[in-house]
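Protein sequence lines correspond, in order, to chains A and B.
In case it helps, my numbering puts the first sequence at residues 1 to 446.
In case it helps, my numbering puts the second sequence at residues 447 to 629.
A couple of the hints might just be wrong.
[Claimed, not checked] Covered stretches of chain A, as calculated for chain B (at least 3 residues, CB under 8 Å):
1) 4-16
2) 52-60
3) 127-134
4) 163-175
5) 198-204
6) 233-239
Since the hints were derived computationally from the structure, they do not count as laboratory data.
All figures in this text were calculated on a predicted structure; none of them were measured in a lab.
Note that CB positions come from ideal geometry on N, CA and C, so glycine has one too.
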Amino acid sequence: MENLISRYRNVTILVVILFAQVLGLAVQVRRSTQDESTRLIRVWAVDAVTPLEKAIVWSQSGVGNLWHNYFYLRGVRQENRELKQEIERLRIEQVRLNQDAEQARRLQALLGFKEQFISRTLPAQVIGSSGSEQSRSIYIDKGSHDGIKPDMAVITAEGVVGKVLRAFRTTSQVLLVNDQTSGVGAILEKSRLQGVLRGTPLGEVVLEKVMSDETVQPGERVVTSGGDQIFPKGLPVGTVTKVSPGAELFLNIRVKPAADLSRLEEVLVITQQEEKTPASAEGAPPMRAADILAQRLPSVPDRPPDDPNAPPPPTSGLKIFPAPTTPAAAGSLKASGASAASPSAASHSQSGPGQASATTAGATPKPHVDSAGTISNAGNASSATKPNDSSATKPVTPRKPVAPALKASDNKTTPVSGSHAQPASPQPDLQPKPPANEPTLQEPPQ
Amino acid sequence: MNPRYRNRLNSVPITYTSNEQIEVYRFSLPAAILVPLIAVFLQAFIPLRFHFFSIFDLPLLVVIFFAVARRSPVAGLLTGAAIGLLQDSLIGHPLGLFGIAKTVVGYGASSLGVKLDVENAGSRFLVTLFFYGVHEIVYFAVARGLVGLTLQWSWPRELGSAFANAFLAVILFALLDRFKQRT
Numbered sequence: 001m002e003n004l005i006s007r008y009r010n011v012t013i014l015v016v017i018l019f020a021q022v023l024g025l026a027v028q029v030r031r032s033t034q035d036e037s038t039r040l041i042r043v044w045a046v047d048a049v050t051p052l053e054k055a056i057v058w059s060q061s062g063v064g065n066l067w068h069n070y071f072y073l074r075g076v077r078q079e080n081r082e083l084k085q086e087i088e089r090l091r092i093e094q095v096r097l098n099q100d101a102e103q104a105r106r107l108q109a110l111l112g113f114k115e116q117f118i119s120r121t122l123p124a125q126v127i128g129s130s131g132s133e134q135s136r137s138i139y140i141d142k143g144s145h146d147g148i149k150p151d152m153a154v155i156t157a158e159g160v161v162g163k164v165l166r167a168f169r170t171t172s173q174v175l176l177v178n179d180q181t182s183g184v185g186a187i188l189e190k191s192r193l194q195g196v197l198r199g200t201p202l203g204e205v206v207l208e209k210v211m212s213d214e215t216v217q218p219g220e221r222v223v224t225s226g227g228d229q230i231f232p233k234g235l236p237v238g239t240v241t242k243v244s245p246g247a248e249l250f251l252n253i254r255v256k257p258a259a260d261l262s263r264l265e266e267v268l269v270i271t272q273q274e275e276k277t278p279a280s281a282e283g284a285p286p287m288r289a290a291d292i293l294a295q296r297l298p299s300v301p302d303r304p305p306d307d308p309n310a311p312p313p314p315t316s317g318l319k320i321f322p323a324p325t326t327p328a329a330a331g332s333l334k335a336s337g338a339s340a341a342s343p344s345a346a347s348h349s350q351s352g353p354g355q356a357s358a359t360t361a362g363a364t365p366k367p368h369v370d371s372a373g374t375i376s377n378a379g380n381a382s383s384a385t386k387p388n389d390s391s392a393t394k395p396v397t398p399r400k401p402v403a404p405a406l407k408a409s410d411n412k413t414t415p416v417s418g419s420h421a422q423p424a425s426p427q428p429d430l431q432p433k434p435p436a437n438e439p440t441l442q443e444p445p446q
Numbered sequence: 447m448n449p450r451y452r453n454r455l456n457s458v459p460i461t462y463t464s465n466e467q468i469e470v471y472r473f474s475l476p477a478a479i480l481v482p483l484i485a486v487f488l489q490a491f492i493p494l495r496f497h498f499f500s501i502f503d504l505p506l507l508v509v510i511f512f513a514v515a516r517r518s519p520v521a522g523l524l525t526g527a528a529i530g531l532l533q534d535s536l537i538g539h540p541l542g543l544f545g546i547a548k549t550v551v552g553y554g555a556s557s558l559g560v561k562l563d564v565e566n567a568g569s570r571f572l573v574t575l576f577f578y579g580v581h582e583i584v585y586f587a588v589a590r591g592l593v594g595l596t597l598q599w600s601w602p603r604e605l606g607s608a609f610a611n612a613f614l615a616v617i618l619f620a621l622l623d624r625f626k627q628r629t
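The following block holds chain B by itself, in its conformation from the complex:
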């Protein structure tokens, strides 16, 4: 195969990667505990001063980041469940709404991370866009189907939030890359 053509193939944002090729990262204990806590804290505090910030979901971005970097479905779903329940605790709704949604996202993101290279900005943007949608669908399904909350789906809001979170994810993931440790 022409080497130039092979290089072009390697530059595709999302590429299939074999299990031997993927890199699995781990995080130090302080980073693994403090980063989600800080994300939940900022999510509760910043909208008080900057109301527009409530369209972002920092805990969700942290779940996606950890799940994709660790590439372990079990670790991903447990991280998602823990962060989701923590977020639920600060919201008036019953515990488990965000927990279930983020568990699914954690599992899905880590499973995807095993198969795809999601290290570059483009793939991170698309992955976040996709999983934000998954998160919202699961959340609304559980909230309306199981709990009986009278939530209304708003396409403009959901699409706007999805793109905003995807943009923020590109920046945030670049910052959180500093906490990665190679195994």
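The following block holds chain A by itself, in its conformation from the complex:
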């Protein structure tokens, strides 16, 4: 036996070493599903390599800063002028956006939405990489000592970079979004299709799990969906570059990352996120709990007085489509508030024969659809008040059945039923017409 072992000594050692490593792998795989702890060898390796990397990066940036900040200042005055102009332009834009944001907050407060806010970030410098094509990760010069924990989101001003995989004492390992094992919940900005962002062996980024019967255009922006509980919703991820039919029933959507992942120097780690309900409109009177409940619960509409001359009510399938709204109409909507529409708003609703119009409360004794219904859907309302919003200037013709603009959750909204919808003509026009300023009552496309 001894003779046999000594004869095959090399092979025996090879088998023992391989077996030990396979055993170690199996233990790690088993533990990784329960508790991810950092191995000591990782700490040693990182402690051995990263100080040298930090020193080189520090000296590089020192020399670079010295050159750029003290010697190479050509064009700085011109750049300063341009930046001042840019600030002026952004200030004006900020005023407009503040108004939009305030309105969105009011509407979200009404609907009980919760928003995620990035409340604290930590800037960090990239000091190293994994150096392997099989694993795309980077090292940053901030670690658990600075408050970094695993699974924190890492971003740049351009977009999403990745997430913290491991946090050592003074450094952290960040898994990039183009790694094959990474996954980011993403959503297409216009079409609102959700998918999972993954890396490929070639370092590209693809959006998976989008059904092949959907239409996705190259150039569309991709943002985080917030569904992964790591990245806050709405952070830019990239732009769709190519769409092709993929395996099974899904599309193969190639995405160009917004952040240049091959040239990362400084990143931001999101160390704190807050989830809070946006504040309601300033100065709004406090609401009683009963009122809030009444708003959220569907209400039974008052039955209007029977009109013997009224045509028979449509039986089913009636939907309200938000009609295109001009700025003037939006103003009238604003003026009428979220309650019943004013008579002036009612006058807008008379859009002509052949179109089923929803008349407003108080204007006529006819059964009414309250104008509050037009803004019961937060998205529609906010878009309706934005003059330059494309959704407000073109007729809404949903390809698929969508939630009606009138929501039963609003107690000021009278749910649409056959008895209340009184079309102007017995045969209502099936297509919404662009000039209409009020919600139109139409048959949904069959």
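Given the coordinates of chain A, assemble chain B onto it according to the supplied hints.
Okay, now just chain B, sitting in the frame of chain A:
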């Protein structure tokens, strides 16, 4: 045998060599420790500035070089295991993926070094090309079979990397030859 014909036989890049003919080299302790460490460090640092560099695998080249020069399978596999585990430590994957792959390569390269003359550029190119393929196959087999990672094999990338590493090996091995010491 005609002497001219015998000389032509000697100039074949890879020739069978008897155990008595082969030369076994050793390395000083600083070289044996620092060269792998520097290789791992450069592999982690250079791709940060030059992204294309990630197609190279400097630690693998160092493993092949040491294994072939020492011509001892045990020393080769231990060197491969150590460098592989060090490289694993800097990558997000579980420890042992590169360790196992480089252990196999270290053992294979040293076993081959015992039997073949791999001192010239042509043989070094072919040996590196071959062992890069072995490394990738073992790595993918372990990663997908044992760990369950969702890695995808890409022929263009693997072939490109194999040739790039083989070219770099010819240059790198010529530089590392300076650290060789005859036993």
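Looking back at the numbered hints, which does the structure fail to meet, lowest number first?
6
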